[in-house]
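Work the whole structure out from these sequences, hints included.
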Amino acid sequence: MTALHEPMVSVLGTTAVLFEAPGAEMTLETQRHIWSLAREVERWHEVLEAVPGMNNLMLAFARPPRDIAGLQQRLLEAWDAVPPTALQGRLIELPVTYGGDGGPHMADVVAHTGLGVDDIVELHSSPTYPVFALGSHPGYCYLGGMNPRIATPRRQQPVLRIPGGAVSIGGFQTGVSASPGPSGWNTIGSTRMSFFDPTQEMPALLQPGDSIKFRIEKVIR
Amino acid sequence: MIEVITVGALTTVQDRGRYGCLRWGVGTAGAMDGVALAAGNLLLGNDADGAAIEVQVFPFRVRFHEATAFALTGADCDATLDGLPLMPWSACTAQAGQELRLAAPRPGPARSSRAYLCLPGGVDVPLVLHSRSTQLRGAFGGLDGQPLQRGDRLRAAGGMAEMPSGMLGQMGLVPPELALPLKRDGCAAVRVLPAAEYSRYTADSHAAFWGSEWKITPQSDRYGYRFAGEQPLRAIAPMEMRSHGIVPGVIQVPPDGQPIVQMRDAQPTGGYPKIGTVIEADLWRLGQAPIGSRVRFIETTWDAALDALDEVQAWLADAARQIALHRRTRSAA
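Protein sequences appear in the order of chains R and D.
Following numbering that gives the first Met the number 0, the numbering of the first sequence begins with 0 at its first residue and continues without gaps.
Following numbering that gives the first Met the number 0, the numbering of the second sequence begins with 0 at its first residue and continues without gaps.
Everything labelled a hint here was simulated from the structure, so no lab data went into it.
Beta carbons are placed, not taken as given, at the ideal position from N, Cα and C, and that holds for glycine.
Treat the hints with care, as some may be off.
[Said to hold, decoys possible] Cβ-to-Cβ under 7 Å is the rule here; a few derived chain D residues that face chain R:
hint: 1; residue: Phe139
hint: 2; residue: Thr201
hint: 3; residue: Val246
Structure follows, in structure tokens:
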């Protein structure tokens, strides 16, 4: 990770601005600060939507302001002014079948980490993972808190299609795909939970501040 | 009712886009050429949020099962109605049983890539998360979340028989690529605002980025355009990014140094370094740029980028005035 010593604000064309929190590590404490900032700036009339990323926040404009420097300054001031808040989220338990056809890259994680399948399953299913942000595709959650011992680099060639519910590891992160699509991550298991229903007013099952616990349903060796 | 007779890959129903849903991981989607879509809606007297059929592979043919007005904007595709030629950027009326055919976009320096078929009141598909745009990755929006297939039938939300008065004859607009041309050294161009990682590229990379032509490779679609240049862009030092929000127009630089511009179906987050962003006011130009063509990137400023948005709005306002005038003239006749 390239460390930032000061918060940084940059423009994404005239569509949005990106605020990046300082710090070398991705932490839950910083993410709580990001959530507070999101809640604060979403009230600003120029802002259509405040979208948390991983220790950063994108503000999509309802209408881009003429005085962009003024907005950037207000953003930095708001960061200093708002206290981090711990969101009172829900805990969702996901039953996972590890390995087998639903976990085609388990062998690659074994090869990279030098750990056995049982150790990997144990280390992956032990933590309670906070949802930091949603992104990538509808309903997809970026999770914090994976044990670094099972970190495995992203694949050299992305897989063209992984199914919805695929549980995978990409670098130091883990996540669950919400719908079929391409992925560069290592898929180690599968779950049948449905994460996204576009017919609902709140279409995503999970929100930032919620948590995921993976429950071992089955291990196929 | 219209029926799709001949259709190529990734012909979709699109409106202005789906806004306010990035927090759920839902990208914007929407028409690749928002100006052509807006003009088509104006020609029919539709609201600005009307959905249209975006055609990017040709030929494309539909049959009208009842009399209806329609508008065609975007790429000039030598459109014919039962063999009779139609003016580009115009509205007219089809009778029941007539067939509309769009051929390959006309070659030449102003060649565009995507055509929009607009119907009175917009294409009648359900609103999903406040938009009718097809969300291909999420498989929702548009017609059942899928590209159009042969045999699909679509209705106009305004009803086929409701034709705006005075729109029965043809009137054409001067397309924005002629009214708002943008070139650099004879090459098609788009304006770019530098992004967060711009200063972390080498001076040679900056010179190549602004100074050379970039070719749109065949690996380009509604998700993004992959460009190829003679000199790849090199960072001063490798960068490891945290996943963050991105928008259509963001120019990412993957490890091979050949830039990728995110387009309308871009995912809402990304992790590659960003050298710049094609400004919102110029995204329609890129949406119409053909695969294999070359593009120059022009550095711009925040104020100039907002002025450019105002110019697009002014062109649309002028188009609206011309259409209103034409309607009054015909009603009086």
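Tested hints:
no. : hint   : result
1   : Phe139 : 4 Å, holds
2   : Thr201 : 17 Å, violated
3   : Val246 : 4 Å, holds
The earlier numbered hint that this structure contradicts is number 2, and it is the only one.
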